[in-house]
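There are 2 protein chains.
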Amino acid sequence: MERRCSVDELHHFIVGLLEVVGIGKTSADITAQVLVSADCEGNESHGVLRLPIYIENLEKGRFNRNPMVTAARTGSGTAVVDGDNGLGQWVAYRAMETAIDIARESGVGTVSVRESNHFGVASYYGEMACKECMIGLVLSNTPAAMAPWGGRTPFFGTNPIAIVVPTSINPIVIDMSTSVVARGKILYAAQHEQRIPHGWAVDKYGAPTDDPNAALKGTLLPIAEGKGYALALGVEVLAGVLSGSAWGPDVGWMYDEHTTPVNMGHFMMAIQVSRFLKWEKFLERIDEFMAAIKSVPLAANVSSILIPGERRAVTRLERKLHGIPVPVAIINQLNQLASKYKVQPL
Amino acid sequence: MERRCSVDELHHFIVGLLEVVGIGKTSADITAQVLVSADCEGNESHGVLRLPIYIENLEKGRFNRNPMVTAARTGSGTAVVDGDNGLGQWVAYRAMETAIDIARESGVGTVSVRESNHFGVASYYGEMACKECMIGLVLSNTPAAMAPWGGRTPFFGTNPIAIVVPTSINPIVIDMSTSVVARGKILYAAQHEQRIPHGWAVDKYGAPTDDPNAALKGTLLPIAEGKGYALALGVEVLAGVLSGSAWGPDVGWMYDEHTTPVNMGHFMMAIQVSRFLKWEKFLERIDEFMAAIKSVPLAANVSSILIPGERRAVTRLERKLHGIPVPVAIINQLNQLASKYKVQPL
Chain A
2 MERRCSVDEL HHFIVGLLEV VGIGKTSADI TAQVLVSADC EGNESHGVLR
52 LPIYIENLEK GRFNRNPMVT AARTGSGTAV VDGDNGLGQW VAYRAMETAI
102 DIARESGVGT VSVRESNHFG VASYYGEMAC KECMIGLVLS NTPAAMAPWG
152 GRTPFFGTNP IAIVVPTSIN PIVIDMSTSV VARGKILYAA QHEQRIPHGW
202 AVDKYGAPTD DPNAALKGTL LPIAEGKGYA LALGVEVLAG VLSGSAWGPD
252 VGWMYDEHTT PVNMGHFMMA IQVSRFLKWE KFLERIDEFM AAIKSVPLAA
302 NVSSILIPGE RRAVTRLERK LHGIPVPVAI INQLNQLASK YKVQPL
Chain B
2 MERRCSVDEL HHFIVGLLEV VGIGKTSADI TAQVLVSADC EGNESHGVLR
52 LPIYIENLEK GRFNRNPMVT AARTGSGTAV VDGDNGLGQW VAYRAMETAI
102 DIARESGVGT VSVRESNHFG VASYYGEMAC KECMIGLVLS NTPAAMAPWG
152 GRTPFFGTNP IAIVVPTSIN PIVIDMSTSV VARGKILYAA QHEQRIPHGW
202 AVDKYGAPTD DPNAALKGTL LPIAEGKGYA LALGVEVLAG VLSGSAWGPD
252 VGWMYDEHTT PVNMGHFMMA IQVSRFLKWE KFLERIDEFM AAIKSVPLAA
302 NVSSILIPGE RRAVTRLERK LHGIPVPVAI INQLNQLASK YKVQPL
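Heads up: the sequence lines are chains A and B, in that order. Heads up: the first sequence begins at 2 in the working numbering, then just goes up one per residue. Heads up: the second sequence begins at 2 in the working numbering, then just goes up one per residue.
These are calculated hints, taken from the structure and not from any lab test. Keep in mind that a hint or two might mislead.
You can't tell identical chains apart in this list, so a pair holds if it fits in one copy or across any two.
Subject to a maximum C-alpha distance of 27 Å in a straight line, what follows is the list of computed BS3-like cross-link-like pairs (lysine-lysine) [claimed, not checked]: (1) LYS343 x LYS61; (2) LYS132 x LYS279; (3) LYS343 x LYS279; (4) LYS26 x LYS132; (5) LYS295 x LYS218; (6) LYS295 x LYS205; (7) LYS132 x LYS282.
Computed from a prediction, not measured in an experiment: that's the story for all the values here.
So here's chain A without its partners, still in its complex pose:
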């Protein structure tokens, strides 16, 4: 059971709630935009679903309601952003704005971010760069969920990598975690008494398992064995070690009972296309590139080759027109918050 909410309706609702718990107008507006964008493109696990936990953390003071997000320019191509423990969406948005400003001036802007929180969909910030005729790169560490290759307890997060490329149509959106699956998928299997495929996770002894309950006590596996481990490690270095944020198991988890800041770290880049190729020439080449990929002969039982980002572009268009389907269970949960904070329910 679900109900379709319009983009505006959902946006307005989120802003209202965030303002009531003490978030500033601009920051509430940006956070709502990032959340609704996730729901709109089919990334519901990073959408409005997260609002209750954000509110809870703002309420108990684990997130800072009034952060002073600062960007210190440290070179003509670089800056260091301190998120002051604000909402991750707001911090990340400001960081990418900084990277874009720098890139406009120097051709490339490289920004590390410390003292941040869960920022939702990584590619959102990459798309900001695209709108400025830039390629966006976004990396983040996340709470420990995955062992290093050969280990059996969680150390790395699912450490996402996003690369977003402008084209004359929809951007190419590469946005992937470095684990085979998100922990949520294993949780779902456990709740529905299903087995999971071998290769998703290992049990607490580090042995392969298809039992989701054993997997939940163990650890997620990286994509492509040692290669995914290496990629997750690379992300942790750039987003965590280099930024001065927490890294590895020290990254906080907003769902637990601790009160210390999460201190997540990000790494962001904006690369101005026109410093490498005339913009028109690039567009011509990238469009031709996408067309060439789509015209590769198909494997058996495949109906078309997808360019990363296509599916979400279609979903986004459809949901902008017809509304976002939100499960009734989530609407009820959100409306409980609405009632508690005396804002208009959904």
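Please arrange chain B on chain A, whose structure you already have, making use of the hints.
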């Protein structure tokens, strides 16, 4: 059967041969360094083994013996390098030098490279950045060997990604192709009449196969299914489409009979650590990070967790001391060249 050659012996031999076919002193010296470094660290498939094919391409004029490698600065953080169809090692070396110079000034140097050739081990250039207290990033496109996900004919190369991070001991060296295996492994299985694991490649109809001969007529598979496809695509955009080089199936293959330039493209970055964190603080954190990874409890039947780059550091040390084992078949092949060009044999 193999013979141990010292680093100096091999270096001297390569320089001698390259000079005879018309390569300048500095460029021959750098190319030899990159090749010997590959053999020294155990990446033999990118070492002196490649010398005969380079010589052949220089001889027939497919590679340019006297390239004018130019670096055009296009912003305080960016440059565009044109390799003028020179040896890939020389072009890539000059490109990373440029990135490092820019990063010293601006904090980050981002360089795209066009008109290049096969450059050997990607991480070599990343290690150049490490020596300057920078993190190095190296991407390259390579000749078509891998279908996009859902396709059945080669389009992308094995498109490597290298990230090299300085530490107070050996650098962390992440250097991986985005295909499950190199084509060479399938060739080896075919020659030895072995089956290959499912998941390495598909046949010419795009169907899974464990027959190496069928696989050789088909295409390699990306790591982690659609995720590896997305990564290979991202590399192709940055190294190929953005640089103005050839991309996809238009990248030339130095082993075929064509005479048109290969026109490979690269993307390189040097990131100066001290713009983000004090150098000493970074070293402290990265060393602690590595120690923490190594102390994660081990999975069953695992004797230790490796940090990417550890194995090659050990091999390098051992081979510097005791020489590089070179198969006699390769020594014979090299000595035939030596005899043809009247240089001292190995």
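Exercise for review: List in ascending order the numbers of the hints, as given earlier, that are violated by the structure.
Suggested key: 3
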